[in-house]
Structures are given as C-alpha cells and as structure tokens.
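Read top to bottom, the protein sequences are chains U and D. Each residue of the first sequence is one higher than the one before, starting from 23 at the first, in our numbering. Each residue of the second sequence is one higher than the one before, starting from 87 at the first, in our numbering.
No lab work stands behind these hints, which were simulated from the structure alone. Among the hints, a few may not be true.
Computed cross-link-like contacts, DSS-like style, restricted to lysine-lysine with a CA-CA straight-line distance of at most 27 angstroms [unchecked claim]:
(1) U:Lys-213 to D:Lys-218
(2) U:Lys-191 to U:Lys-125
(3) U:Lys-29 to U:Lys-59
(4) D:Lys-266 to D:Lys-298
(5) U:Lys-153 to D:Lys-127
(6) D:Lys-218 to D:Lys-146
(7) D:Lys-327 to D:Lys-293
(8) D:Lys-293 to U:Lys-29
(9) D:Lys-146 to D:Lys-219
Single-letter residue listing:
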Amino acid sequence: MELTIIKYNAGNIQSVLYALERIGVSAEVTDDMERIKKADKVIFPGVGEASSAMRYLQERKLDKLICGLTQPVLGICLGMQLMCRYSEENNTNCLGIFDEEVKLFQASEPGFKIPQIGWNTIYDLRTPLFKDVPEHSYCYFVHSYYASLGEHTIGTTNYIQPYSSALQKGNFYGVQFHPEKSATVGEQILKNFLDI
Amino acid sequence: MLTKRIIPCLDIKDGRTVKGTNFVDLRDAGDPVELGARYAKEGADELVFLDITATNEKRKTLSELVNRIAHHINIPFTVGGGISSVEDVQVLLQNGADKISVNTSAFKRPELISELSREFGSQCVVLAIDTKKEEDGNWYVYLNGGRVRTPMLCTDWARQGVDLGAGEILLTSMNHDGTKQGFALDITRTLSSILPVPVIASGGGGKMEHFKDVFEQAGADAALAASIFHFKEISIPDLKKYLGENGITVRT
C-alpha cells in the first residue's frame with residue numbers, strides 16, 4: 023500500500039510519519055501531485071495558521087488536487103479545518119469538502135483557556151474510522167478554532183460547547199485531535215484509517 | 087471534559103537522564119527514551135525533557151535524542167534547555183518535538199518569544215519561569231536555573247510573555263522545589279486567574295494530595311514533577327486513580 027503525507031507549510035508532519043512508523047507503516051512525505059494522486063491513502067496533517075496554509079496550497083494548485091482525490095484522505099487538526107468551508111481564522115475560504123464552519127473558541131466562563139491544550143474525550147463515534155475505539159476515549163487536542171456540529175460530524179467533543187472532533191464525507195475524513203500523539207487510541211484510529 | 091495533566095520531567099545531561107536534587111548530587115538514571123516510554127505507558131499525559139548540559143557542542147546530541155524520543159513515544163513532549171534562536175527550535179521540531187520551552191534566553195531577549203510564536207505557532211512555545219517569593223511578599227523572576235535574581239515580578243513577566251505569544255506557562259516555585267511540601271498555591275492561582283493560557287505548576291509535589299490541591303485550589307491546568315516519579319515514591323496510575331476518586335478529571 024502506498025501512503026503519502028501531503029507536504030506543505032505546516033508543522034507536525036514529522037510526528038505523523040513517526041507515528042506511522044511505530045505501527046509498522048512507511049509513508050512518503052511529498053508535494054508531488056502525481057505521487058499524491060496515485061497513492062492508495064493520503065494524510066493531510068498540519069499545525070499552523072489557516073490563511074497562509076490555504077495560500078500556499080492555492081499557489082501550488084494543491085487545493086484543487088486535494089478536493090479531487092478519490093482515495094481515502096485523512097485530515098488532521100489544521101488539515102481537517104482546511105477541509106471545511108470557511109474558517110474565522112483570518113477570514114479564510116477553505117477547501118469546502120465539509121460544509122461545516124470553523125470558529126474561534128469564545129471563553130464563556132472563567133476556567134476555559136484558549137487554545138484548548140490537552141486530553142479530552144470523543145463520543146457519538148461513527149464510521150469504521152472508530153472501529154474498536156470505545157466511546158469517550160481520550161485524545162490529545164491543541165487548537166483555538168473548532169468546527170461546528172453538522173451533517174458530516176462523526177465524532178463529538180465538548181469544550182465550551184459540543185463541536186465536531188471528527189468529520190467525514192465520502193472518502194474524506196478529518197479529525198481535530200492528533201492521533202499521532204494520542205497514545206494507543208490514536209494508534210488504533212490510524213490503523214483503522216489504513217484499513218478503510 | 088478537558089483533563090488535568092500529569093507531566094513527568096526528565097533532566098538530561100550528555101544524553102542520559104540524571105536524578106538529583108537542585109542540580110547537585112546528579113546520578114545517572116539511564117536512557118531517557120526508555121524512562122519516557124515507561125511513563126507514557128503508565129499514563130503520563132505529556133513529558134518534558136530538560137537538557138541541563140545545554141552547551142553548543144552538545145546540541146547535536148540533543149537533537150539526536152529528540153529524534154529517538156519522537157520515534158518511540160506516543161504522547162506529546164516538550165524540550166527545553168539552552169534554546170535561544172529560531173534555528174535551535176527548527177532543529178528540535180524537525181526531529182519531532184511537539185513544544186519547546188524557553189527561560190533565561192527569552193527574558194534576556196523577549197522578542198525571541200514573538201519570533202518563535204510567529205514562526206511555529208503559540209501552541210509550541212512554553213515559557214518557563216523560575217520564581218521566588220521574597221520577604222516583601224512578592225514573587226520575583228530568577229534566571230540561570232535560579233542563580234540570578236531579577237527585579238521583575240513574576241506576574242508582569244508572565245503577562246508580557248503571553249502577550250508576546252507564549253502558549254503555556256511552566257511555573258516553578260524555587261521556594262517549594264525539592265521540598266515535597268506541596269506546590270506554590272498562591273502564585274499558581276494568581277497566574278491561572280490572570281492569564282488566558284494554561285499554567286503548568288512545578289516544584290513541591292511530594293504527596294498525591296498536593297496534586298489535588300494545585301488543581302482544585304490553584305486552578306493549575308497541569309502539574310509537573312520529577313524525582314517523586316523517578317524514585318517511584320508516587321506511581322502515575324496510583325496518582326491518577328486518587329485524583330479521579332477525588333473528583334478531578336484525569337485521563338485513565
């Protein structure tokens with residue numbers, strides 16, 4: 023199986039590669055359009071800022087490429103947010119694969135820090151991405167913006183309010199948390215993606 | 087619900103874990119990767135690796151170590167010690183570190199914090215502050231591992247650091263560090279309430295109830311400790327169980 027990780031101007035790409043190695047899978051980090059197109063599975067990771075990431079993708083025509091992929095694609099963190107329609111982070115129009123909007127957390131009461139950093143639970147889990155992952159499993163999150171709940175929600179998390187911690191539409195999957203840093207739960211989710 | 091985090095800290099010298107109190111009587115405690123992996127397996131939420139050699143000639147050793155850690159550990163980890171430039175951080179992140187912590191170098195040149203947060207995002211910039219309460223009742227910032235006093239108030243520096251882009255504060259009370267008499271509840275509570283970012287409390291954790299107190303009474307988002315975990319005085323599973331039974335949300 024050929025697995026590619028999309029290389030762009032976002033951080034954390036190495037961590038995804040190492041996590042895959044830990045579960046015995048090798049992957050190629052590349053921005054070569056042909057290599058991405060012909061891969062069996064594609065991971066679209068990222069930690070960073072939405073508008074500069076979108077600009078980078080557009081300049082290299084990676085935006086159209088990603089939207090046109092037909093094999094299973096997994097967006098992680100910023101990758102997932104970029105797959106949504108729009109992000110409040112610097113008013114960015116994103117890829118529009120998922121209809122959901124990405125908004126900035128608003129601390130409604132004291133005690134909520136932004137960004138959310140740490141371990142939180144995921145629930146109302148659907149699709150084979152969460153096979154053998156118990157409801158209310160803990161995953162590791164680092165983010166200030168969140169995707170609202172919507173028709174593509176396949177996993178929910180509560181922070182200030184319930185929001186989409188996972189989305190899916192057709193062959194596209196996205197997770198807000200970092201499976202590559204979420205201990206054995208994260209490893210199970212990565213394995214599940216590879217089995218889709 | 088977002089959990090409170092338990093963070094073991096490993097001091098690294100020449101690529102090995104060292105154990106000791108207050109940087110004296112250092113003893114070799116083995117391979118940091120093995121110890122870190124054990125903590126991760128036992129349920130640690132994150133790890134901090136603090137390089138106390140931090141001389142230029144050893145920097146390569148550190149990046150190689152970080153690379154090995156990243157290959158073997160499936161939870162987030164922070165690397166600190168002697169970081170003073172964007173280039174230093176680039177190397178550590180490329181080798182798989184999730185966050186870096188800065189201390190003295192950031193105090194001497196505060197723009198370092200904004201440079202790092204602009205380049206890599208606030209989420210990976212931890213500002214470590216060593217602080218001491220003096221006779222006038224105020225908490226002051228200390229540098230160089232606690233050897234150099236500054237006239238800066240801890241609260242002022244923490245606020246400035248967050249304004250510049252620090253995404254978390256790692257707060258060590260020198261009055262409490264090594265005492266095992268509990269964390270500094272007052273300054274931790276002050277920072278937790280005035281800052282919009284998470285605060286990691288460090289220094290003084292000796293009993294399980296100290297962790298409960300710092301979460302419950304001081305609003306800390308995470309608590310860090312070293313020797314009590316290394317010397318197996320408290321096991322992470324026991325600590326998590328105790329906290330959970332006392333109504334504190336932890337990952338189990």
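For each hint, the structure was consulted:
no.: 1; hint: U:Lys-213 to D:Lys-218; verdict: violated (48 angstroms)
no.: 2; hint: U:Lys-191 to U:Lys-125; verdict: holds (20 angstroms)
no.: 3; hint: U:Lys-29 to U:Lys-59; verdict: holds (13 angstroms)
no.: 4; hint: D:Lys-266 to D:Lys-298; verdict: holds (14 angstroms)
no.: 5; hint: U:Lys-153 to D:Lys-127; verdict: holds (22 angstroms)
no.: 6; hint: D:Lys-218 to D:Lys-146; verdict: violated (33 angstroms)
no.: 7; hint: D:Lys-327 to D:Lys-293; verdict: holds (14 angstroms)
no.: 8; hint: D:Lys-293 to U:Lys-29; verdict: violated (46 angstroms)
no.: 9; hint: D:Lys-146 to D:Lys-219; verdict: violated (37 angstroms)
Of the hints listed earlier, those the structure fails to meet are numbers 1, 6, 8 and 9, in rising order.
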